Amino acid sequence: DAGVTQSPTHLIKTRGQQVTLRCSPKSGHDTVSWYQQALGQGPQFIFQYYEEEERQRGNFPDRFSGHQFPNYSSELNVNALLLGDSALYLCASSLEQGGVKVTQYFGPGTRLLVL
Amino acid sequence: EDQVTQSPEALRLQEGESSSLNCSYTVSGLRGLFWYRQDPGKGPEFLFTLYSAGEEKEKERLKATLTKKESFLHITAPKPEDSATYLCAVRPSYNTDKLIFGTGTRLQVFP
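Chains R and F are the protein sequences, given in the same order. Yeah, the first sequence ends on 111 if you go by our numbering, and it's all consecutive. Yeah, the second sequence ends on 108 if you go by our numbering, and it's all consecutive.
Note that these hints are calculated values from the structure, not bench results. A couple of the hints might just be wrong.
Derived coverage of chain R by chain F (criterion: at least 3 residues anywhere in the stretch with Cβ under 8 Å from a Cβ of chain F; other residues may be distant) [to be verified]:
no., stretch
1, 32 to 39
2, 104 to 111
Pair by pair, the computed Cβ-Cβ distance ranges are [to be verified]:
no., chain 1, residue 1, chain 2, residue 2, range
3, R, 67, F, 17, 18 to 28 Å
4, F, 56, R, 52, 26 to 36 Å
5, F, 13, R, 63, 13 to 23 Å
6, R, 12, F, 65, 40 to 50 Å
Values in this document were obtained by computation on a predicted structure and should not be read as measured data. Ideal Cβ placement from N, Cα and C applies to all residues, glycine included.
Chain F with its partners taken away, still in its complex shape (with noise of 0.2 Å):
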C-alpha cells in the first residue's frame, strides 16, 4: 500500500538554528515528490516538486532533497516567519493524479 510518513511530528527550532525534515516514502512507482507549506487554517502552499533520485531544489532558507526512499526538507538558519506545517506528498507512478499527503511536520521557530 502507498504511504508516506513524516518526521518528527513537530520540531522546536530557536532562531539560526538549522535542522531537517524527513519525508519516507513506500509506492509501487514515483512520479513527483512535492513539499507544501501549510499555515494555520489555510490551504497548502507549494514549495518544490522532485522526480528523481539526487534532484535538489532551493528557495531562500530551505533546500529540498530526493532518495529512492526519502526526501529531507533543510531549513537553514530558520526565522519566526517559517513556522507553519510542512506537509509531503507523493504522486505515485500508476495514478497520475492522486496525490498522497503524510501527516505534516509542525514547525515552531522562536526568537
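Okay, chain R solo, but in the shape it has when bound (with noise of 0.2 Å):
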C-alpha cells in the first residue's frame, strides 16, 4: 500500500522565487492537506483541496495558491519567497466519509530553503 509521497524532498531558492512542491496521496484517499513546519515548531494549516477546490485556508498570504488533479495529486505553489517561507513543506491526505475527515497520513515532507 503506497504512502504519501512528495517531490522534490529538498530544494534551494533565492528571494522572489517561485516554487511548487508536489504530492500524491495514499492509495484510496481523495483530499489533500498541505502544512508548512518550522524548524522546532509544529505544522501550520495552509489550505486543503478535495474534489479539485481549495476547500479550506488557514491564515497564509495569497502568494501560496495549490491546486489538485483528477487523479487526486496536488500542487503548492509559492510565489515571490521570502526567507521566512524556509520550512519544511508537508502534504497529509483522507479519505472523506460521511462529510468527515478521517485520519490524515502525512509524507516526508519538502524542505525549502530561501536563501
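Put the two chains together into one complex; each comes in its own frame, and the hints tell you how they fit.
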C-alpha cells in the first residue's frame, strides 16, 4: 500500500523566486492538505483540496496557492519567496467519509531553503 | 482562540524509565485528538486518534488517554528507538478538516 509521496525532497531557492511542490496521496484517499513546519514548531495548516477545489484555508497570504488534479494528486505553489518561507512543507492525505475527514496521513515532506 | 500546549518541551529518559507526555488543549469543541511521532527531517507518523473523554488507545509501549482538557501519552519501559518528537493535534468542532498542532515534546531515550 503506497503511502503519501512528495517531491522534491529538498529545494534551494532565492528570494523573489517561485516554487512548486508536488504530492501524491495515499492509495484510496481523495483529500490533500498542506502544512508548513518551521524548525522547532508544530505544522501550520495552509489549505486543503477536495474534488479539485480549495475547501479550507489557514492564515497564509495568497502568495500560497494550490491545485488538485483528477487523480487526487496536488501541487503547492509559492510566489515571491521570502526568507521566512524556509521550512518543511508537509502534505497529508485523508478520505472523506460521511462528510468528515478521517485521520490525516503525512508524507515525508519537502525541505525548502530560501536564500 | 483554539490552542494546543505540550509539555515538557524536552524529556531525557534512561532506557526502561517510564514517563508521560502531556497535551492540554483549549477548543470550542473537539472532533478528535491525534498523536503523531516525528523523526528528524521526516514527516509525522500517525499513532492514535481519541474522540471522547475516558477513551484509551495502546500500541506497543505507548498508551494514549483523553480527558476533557488534556491528553497524556504514557511511555512504558522506553527503548532508544522511541527517541523522537511526539506531536499532539486537535480537530476543533466547528472545523472538520484543519488540524491544530502543539510544538511537540522531544524525547531522548539513552541506553
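Comparing the hints with the structure gives:
Check on the stretch 32 to 39 of chain R: 4 of its residues sit with their Cβ under 8 Å from a Cβ of chain F, so the three-residue criterion for coverage holds. Three residues within the 8 Å Cβ limit are the bar, and the stretch 104 to 111 of chain R against chain F gives 3, so the coverage statement holds. Take residue 67/R and residue 17/F: their Cβ atoms lie about 43 Å apart, and the range 18 to 28 Å is violated. Between residue 56/F and residue 52/R, the C-beta spacing of about 30 Å keeps the proposed range 26 to 36 Å intact.
Range check, residue 13/F to residue 63/R: Cβ separation about 49 Å, and the 13 to 23 Å hint is violated. At about 48 Å, the beta-carbon gap between residue 12/R and residue 65/F stays in the expected band of 40 to 50 Å.
Of the numbered hints listed earlier, those contradicted by the structure are 3 and 5.
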